[in-house]
Structure formats: C-alpha cells, structure tokens
Amino acid sequence: MLILTCPYCGVAADETELACGGEAHLTRHGPGSSDDAFHGYLFSRKNPRGLHVERWRHVQGCGKWFHAARDTVTLQVFGTYPAQSHEPPEDIVRAIRRRHPEWTWKGAA
Amino acid sequence: MSKRLSTGGRLIDRSRRIGFSFNGKPLAGHPGDTLASALLANDQMMVGRSFKYHRPRGIVASGVEEPNALVNMGEGKRFEPNQRATTTELFDGLTARSQNHWPSLDFDIGGINKHLSRLLPAGFYYKMFMYPRAFWKSVYEPFIRQSAGLGQAPTERDADSYEHFYAFADVLVIGGGVAGLLAARHAADTGARVLVLEQTAHWGGRSPVDGGTVDGSPVAQFIDETVSALEQMPNVTLRRRCMGAGVYDHGYVLGYERLTDHLPYAQGPRHRLWRIRAKQIVTATGAIERPLSFAGNDIPGVMLASAMRDYAVDYAVSPGERVVVATNNDDGYRTAICLRNAGVNVLRVLDARSAGGGALMDDARALGIRVDPGRGIAKVGGGKRVQSVQICAQDGVGGALEALKCDAVAMSGGWSPVVHLWSHCGGKLLWDEAQAHFRPDPEHPPLGADGNGFVRAAGASNGALALCDTLADATEAGKAAAKAAGFRRRNTRAPVGEAVSERPLEAVWLMPQQADVGLRSKSWLDFQNDVKVSDVQLAAREGFESVEHTKRYTTLGMATDQGKLSNINGLAVLSDALGQPIPATGTTTFRPPYTPISMGAIAGEARDEVFQPIRRTPIHDWHDAHGADWEPVGQWRRPYAFRRGSESAHDAVIREVRNTREAVGLLDASTLGKLIVKGPDAGRFLDMLYTNMMSTLKPGRCRYGLMCNENGFLMDDGVVARIDEDTFLCHTTTGGAEHIHAHMEEWLQTEWWDWQVYVANVTEQHAQIGVVGPMARKLLDKIGGMDLSAEALPFMAWADGRIGGFDARVYRISFSGELSYEIAVPASQGLAFWKLLISAGAEFGIMPYGTEALHVMRAEKGFIMIGDETDGTVIPQDLGLDWAISGKKEDYIGKRAQARSHMADPDRWKLVGLETTDGSVLPDGAYAVGEGVNANGQKVTQGRVTSTYYSPTLDRGIAMGLVLHGPDRMGEEITFPCTDGKTYSARIVDPVFYDKDGEKQNV
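Protein chains in written order, with our numbering: chain H, 4 to 112; chain X, 80 to 1082.
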C-alpha cells in the first residue's frame, strides 16, 4: 500500500485512492507508423525490477494524472510530477541519481 | 494424567467455576483459562486427529503457534472451524468439537492411514492420483474429500458484525511484552504518538512466567508499573487482544482486534480490522520455542517445555504426573525447576549437550532433579497418551540405554525469533550461529518511501533472548524509532536486568543425531500437515533443492499455523540432506497475516446494502410500485419489465413491445451516460475519440457515434448532440459513463493537454424519458408547449423548450425503430414529468416498458448493443458499421490498430441476422459448427450468437451473430449444436428484421 503525493492537490494519497497507469512518457504512434513502432507503443511496456517512471491517477481525489519515479524493489519514491511533461524534472533526476548514480533518462549519456 | 494443581494460577480466578463442553461432554474451568488450559485441567490431552494419518494429537503449545489443538467452535450462525484452543479465552457456555476424525475422536477409521504411512510419502498425492485418469472423479476425489480437510465449513450466515478502523501513529509497537512496553515507553517519552498492539489478553508476554528482575524488582512489577505509566500518557494508545497481522508498503499495517470473542453475549462488533499508517514500527513479537525431532514427538503428552511452564504458572495446570524434559539449551531447565516447584515429579532432564548446562542445571540438581548430559530421546512409547520414553545417547543411532515410564515429555530445541512482521515487507534475515536461529538483519530493514528503514525489531524477536539483553535492546529501539519519526531523542536510561550465566545451546536437528530411518519416519516436523523428517529427506533425494519447492512438495509449513513450529527444523533437515549450511538454504517467504484472521474482519462493514450502493433514477420508486422486475446494469437498477397481475415477465415483455409498436411506450432512460464536452477544441477532440466526424455536426443536430480504444476495439456507442459551437453532449451506454469520462480525461490530460477542452459528467443532472411509438407525437402535442412536428423537429434533431410546464430538451432519436422522442428534464422534476406522461397518455394506451422490451425492439431493428455484439475483441468493421467510420479523418483513436493485418483479415467473423428454420429461439452464445475438427480434436466453429430473442412483432425467434464470411452467405443455413442437447438450424439473413427502410421512425 504505497503512499504517493499528488502534485496537483498536494494530498499524500494512499494507494486505495490511486490507479496505476503503467509506464510513463510513451510516445503515441498513429496512422502511418510502422507495424513495429505501433506494436512497441501498444504492447511493449517496461516493467522493470528497480527504477521505474509510472503514470498514476488520483482517481478517488482530484482526478488528475501524474507521474511517479520510484523503485519497484525497495519501494523508495523519488518524486511525483505532473503528467503534462516530456521527461522527469531535474530535482527528481538528482534524487534518483543519489541512489542510482548510473541512471540516466532513457539511457541518454 | 494432566490436572489442576491445588494452588497457584496467575491468570485464573479460582473462586469461580464456568461450564463449557467438548465433543458434547460438559466440563468446568475457571475464568481466565484458555480452552486449552481448561481441557488439560480436565485431563483432555488428546484434542484431535492429524490431517493425513489421523494420528491422535494433543496440545503442544500455549499460544498462537499451536498446530494441533484446532477445534470447531460454536453452533449455527456462530459456528467457526479451526479455532486454536490455546488462544481461545474460556467463557461460560463455550462449545467446542474436535476435528479430523470419523466417527469419533477416540475411534477413528482414518487412523488406518497411519499403518499405511510407508505408502503415503512426500508427494504422495502428486504421485498416486495421476493415473488412471478416470479414477479421479469416482475414486480418488471422494476418498480425499472424506479424509482431508481441517474442520468443517459453516452452513449458516454469520450472525456477527465486524468493522474497519483507521489509525495513525508516529511509532507503532507490535507486541506488549517487556520489549514492546519498554520501547513504547521510551518512544512516548519523546512526545511521539505511540500505539501498542498486544495479541493476547495480558501485558508482559512470557516474562512473568520466566521470571527475572528489572532494576532489582521482580519483572512482573516492572510490567505493571510500565503499563500504568503508559496508560497515563495522552499520546499513547494501548490495545490488547489486537494482533499485528501484517506489515505492508510504506508503513501500512493491519491490526486484528478480537473484541467480543471472549464475551459472547456482548453487543457490538466481534472483530475490528485496524488499518494503520505508522511512520515507524517496532516489532517486539517475541520468540517461539522449537520442538525437538525424535520418534513419537507427536504423541499426546509431548509438549514444548515453555508451554508446560505456562500452563503450570499461568493456569495451575500440570500436564502430567511423571515428566521427562529433553533439551539442548538451558531454558529447558526452567521448566524442570518450575514443575518441580509446583510439586510435579520431574523424572529426568535429558540434555543433548555432552557437557550439560550452566547455572540453571546446578539449580535443578540442587532441587534433586536428575540430569543426564549427552542424552536424548530415542523414541516415545504410547498411542493416545505418552506412556514411556526410551533414552539414548544423542551422538548415536538410537540404541536404547534405558526406558522410563512417564506420562508427559517437555521438549526444548531452542528459540526462534518471530521475524514474520519484520519480513513481510522485505526485511532481510541473518543466521545467528550461536543461537541457531534467523534474526532480523539490521542492515537490511524494510524501506519506506524515503528509502530509509521503517521497521525495527526489539527484544527476543531481535534475538535478544535474555531479559537483561532485551531491556537494553528495546530501550534503544524505542528511542531510535521516535527519532526516525522526527522526535527529539531524550536522554532516558535503560533499566538493568540481572544476568543469568547460561551455557550456549547446541543445535539439535535430529534426536539422536544418526537416527535410523525407522525413527526418522516417526519424527514429526510439521504436526498439522503430518510432515516428518523422512519426508523432507526424501524430497531432497528426489531433487527438491529449493526450500520453496520442498515446502510445496512435502506441504511443510503450509497448514493454518504456517509452520511456526516446523519451519526452522524443516529447513535445517533439508540443509543437512543437501550438505549445505542453513543460510544457504534460506527461509520460505513470510506472508501476512501472522495468524489467520476472520473473513468477517476483512469484509468489515461492506456487506448487504453497504457492499455496493445501488444507484437509483429519480423515477425508481414509481417503477418499484408498478411491478418492476429489477435488472442490475452497472450499479444501477433498471426495470426489466413491468408485470401486471399474475402475468409472467415473458408475457409482460411481449405486451410492452406490442404496445410500443402499436400505441405508445414510456422508457426511463435516465441511466444513459451524459457527458458535456466543451471548449474551442471540443470538435477536434471528439473527432479523435469517435470513429465518425463530429466536428461537422451542426448545432441542433444529433449523430450516432462509435468509440474505440487504442487497440481498435469497440468500447462504447451513443448519440452525440451539438449544443453550440463549443459544446457537445455525448450520450454513453448506461454502464459506460464513468469509464468513458475517465477515458476522455486520460487523453486530455496525458496526450493533448494543450487542447482547450473541458469534460463534465452530468449523467445524474437529468432525468431522461423515452416517449416511443406511433402515438408519441399526439401525446406530446396534448401536453403542449413545443412544436414537435416532423418539420420543426426532424429525425436526429434536438430542441430546448417547455413541455407541459417543464423545462425540457427533446431529442428526436430512436433505438426502437418507432417515432421516438427522448426528453431530458432536470432530475428533480423527472418523477413529476413521468407521472404527467402516464396520466396524459392514458387515452393513447400508454404503458411503461423495461430493458428487455428495449432489447427486443433494438434487435428487431438490427441495432447493436455494446456488451452483446461486442466483447472487447470486436471492431466496428466486424459489425458492418463501416458507414460510421469517417474515411476523411487522418486519425482517430483505434484507426492505426484497425489497419493491423489481423484486423483487416477477411476471415474475421462478421455480423449477420439469424433466423431459425423452425421459428424457435436460438440459445444465447451458441456456436455454429463447420466441417472437420481443429488441432485439439474439437469441431471447427464458424460463428456464434451474440443476441437472441423471441420477437413478438414477427412472432418468431430472431438473432444476431458473428459468422465467418457471413455477409457473403445470405440465405445459407448453418447448424448450432447446443448444450441443451438440441441442434438448431438457422438461415443467415440481413440483421434488420423490421422496417428496413426506417419509415416508422422518420414520420
């Protein structure tokens, strides 16, 4: 039973108030995309053992979608931020790298 | 025999006697007894039969770890199986029955299994019942069902009530023994909000029995003083009879409080489930003594040494008259001394250590108790009760040196910390070689959201077994927990206990050490599931090297006690058989709850009406008063049909359909989802959500739309009305309003967040009433107020106005094929408007109709229904709905998926109408078969029925279905062999059975 803080309403919400939406920062592939790209978008979701950036919705609260960076093994939470973003904000990246120094966003150098 | 001693009994009230019954026999005990102590006081040592071999079994333990003394408790509505006698507080009128025997506890047919035990080895069920396959149903399963199972299932509804309770704590202390109380005291002194849970009815844990001093005073006095001090502190909550059941992510803990189990006539909930959020947790859960593995260690009269001590001190019960103690550590001497002081004849202490024990051994000898070092038990003699022991050298194969007549055996194999709650959420363990047990690894606690540990173990559960060590350990744990919870550390002092000089334990995993197979196959590890040393060794020989696999193969530790006594001994035996150290074998996973908790507590208040609230339309009560047969649709209740007099539901549906087709019917459509989509980008947004083009819809007009998910599958449908340039009202299916709203929000928030669109779910703001049938316009004209002529309000248009004095929005849409108006009025006026229509419509023959008539009429028209024609794998193209898919749009949700090869496959089953050749009604869901068989030897299928009804309009069965190449096979007959034994033949036809040109709805 995780607790995540909704970045919109500021509530430290119990997991029963939230719904998980799987991997965050997907790129939508529509008409014209290749079969491989579309297949990857639709079905190939990351579910790592360790650091994960996930979509969550504060479904029993303010109703907003947000993103959470957390470790799926230790359950440490590195931060939450609005879903209207294309990558994790810098302060969360710094928090992640304090625990996982080798980690980079999408494997960037 | 076991009996009540003439004096003593710390927890019982000797001045009062209370009655109870066991297997129908009336017995007496004292207030303060447990059921187990009262049974022992009545010489009822044997309390059940074992699970597999039906061997006689007696009480082994005094607490939650008890594997044998499980009883069926209570009667009727308060019957409950598998209740542990050792944790059941005795009350007047208690009734209990033993389990696992037939016909009686004393004479049991299944006991023959014990003579077959060589034929029932580990994995017996897997090996034996495989072949021949036909034997399973007629021979094996009835045999297993007769002989297996713990207790009986209740047959009546539970008469008790239960509740959930939410609590928050800075420091949660689980366990109210010396360690827990002390940790709580030091944590509370910092000002932290502290909650203490103790599973039993008493504070202090084992210490009052085991003795010792704290700061020079008896430990019992220290406990009383500490409890009194804690009770005075406003920041401390103390709860007895409340077990910490499980520790979960981020400091979530379940507590299980038994409120009235001991007060059966009290009012109020029976159990309470505490749902706790704690910043920091201290587990002070104590330790459990391990049995020793020797032949016959399961015979009634063999008990844990600590349990014998508990019964003697707490309840003044002696488990026997002539007792032998077997031990591998100094603690066993405490039992010998305690029993001797209570006047029991302690014949011998067999100390497996060749050098014997420390100071306690000397104390025992000074009391005249004979101590034999380097000795063990080769075998216990007896059937339903211990009669003798054969003594042997521990370092040997079991050759008997001497036989002793006795009636009870105390065994002490050392202590294992209760690490369950530490482990539930990922706390790691380390192996303590000196004490031969696993204890919490302080370097690897369960981690909280901040990445720091949130659980600390204290006292015996942390491996600090001696009282003096516990005092220091628990003081530090309490202080550290409060500090981690954000409170300033106070400079408080740990109390000091006297140190007792003990000689270290020597691990004994088998007694004697080289016991032969005959002895090993009578040496029990798991009493409740009947697993012996020889079973684990066999599993190892057969290649089960992982402890998790061995557990499942042998069922070691899988019973209701979850191996509290057996796990460490079992994995030590496994490690030995595999020739590896114990830490290399590891433990099985500890999972909550710590002991079984009632299903009632888990459900809490969520039963009956509270389980799932029912949604009611504004007209619900009228329906109820007018013969509605209710049908659940999502959380709503909708009338299936309105029965008149003695009419059947089927007849009512026929009448409602005919009346609507011939005169006028009234439908409560309030449950339909209504979503307002508003904003400059609303049209663009709906173009992405629906397969059709919505942005071109003119204000004042309606359009039927299909909605797919990104997989391309049809998920919802409904009529969209454009209210103004920026505003659309989207109707969804009754069950779809909430999830379609969520679907829209998801896309708006996570993909097109820069689009200016707002969505509101206004489903419950309006009552919506369908006025349907050839007389509909006449009726509405009579009520008056709006021009609803074909010219003023053509098909698929809508208009706002006032009808009969009501503010109304009228949609000219039809799901029945008739002239039809759907009229929305404010929800608060829905009932009044409905009543007006009913009274004004009398002269036109108005009747309300329900969902089944709605279904029949839509099927006659070939309209699809989400959930009937669709099942999450159907795309619009399968249903011949290509006309509702815009070819002009570059994109909509699902478009790319519908271009995938499988979606474009011409062999996808397609929607057609089905007309039985004899007019009968096809069974719902029936499959049509083709020629030949598939790879599994099953008949090839070529289609299935999605909707099927008796059509009153056509007076015959009609159906829709998905059929291979269906639209190309019009007129062809296909067959449906059905589960009712009949084979139906049906002709493939157009799915529109009635008024193909739509003349009736467009008048």
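Watch out, some of these pointers could steer you wrong.
[Stated by the list, open to error] One-sided excerpt, in silico: chain H residues whose CB lies under 8 Å from chain X:
id	residue
1	Met-4
2	Thr-75
3	His-89
4	Val-96
[As the list claims (entries may be wrong)] Partner residues are not named here, just some residues of chain H that face chain X (Cβ under 7 Å, in silico):
id	residue
5	Pro-34
6	Ser-37
7	Gly-43
8	Trp-68
9	Val-80
10	Tyr-84
[Unchecked claim] Below, simulated DSS-like cross-link-like pairs (lysine-lysine); rule was C-alpha separation at most 27 Å, straight line:
id	chain 1	residue 1	chain 2	residue 2
11	X	Lys-757	H	Lys-67
12	H	Lys-49	H	Lys-67
13	X	Lys-757	H	Lys-49
14	X	Lys-757	X	Lys-1061
15	X	Lys-1079	X	Lys-861
16	X	Lys-1061	X	Lys-1018
The set of hints was computed from the structure by calculation and includes no laboratory data.
Think of the CB as a built atom: it goes at the ideal place given N, C-alpha and C, for glycine as much as any other residue.
Results for each hint:
{"no.": "1", "hint": "Met-4", "verdict": "4 Å, holds"}
{"no.": "2", "hint": "Thr-75", "verdict": "11 Å, violated"}
{"no.": "3", "hint": "His-89", "verdict": "11 Å, violated"}
{"no.": "4", "hint": "Val-96", "verdict": "16 Å, violated"}
{"no.": "5", "hint": "Pro-34", "verdict": "5 Å, holds"}
{"no.": "6", "hint": "Ser-37", "verdict": "10 Å, violated"}
{"no.": "7", "hint": "Gly-43", "verdict": "12 Å, violated"}
{"no.": "8", "hint": "Trp-68", "verdict": "4 Å, holds"}
{"no.": "9", "hint": "Val-80", "verdict": "4 Å, holds"}
{"no.": "10", "hint": "Tyr-84", "verdict": "13 Å, violated"}
{"no.": "11", "hint": "X:Lys-757 x H:Lys-67", "verdict": "18 Å, holds"}
{"no.": "12", "hint": "H:Lys-49 x H:Lys-67", "verdict": "22 Å, holds"}
{"no.": "13", "hint": "X:Lys-757 x H:Lys-49", "verdict": "35 Å, violated"}
{"no.": "14", "hint": "X:Lys-757 x X:Lys-1061", "verdict": "54 Å, violated"}
{"no.": "15", "hint": "X:Lys-1079 x X:Lys-861", "verdict": "21 Å, holds"}
{"no.": "16", "hint": "X:Lys-1061 x X:Lys-1018", "verdict": "16 Å, holds"}
In the structure shown, a violation is registered for the earlier hints numbered 2, 3, 4, 6, 7, 10, 13, 14, in ascending order.
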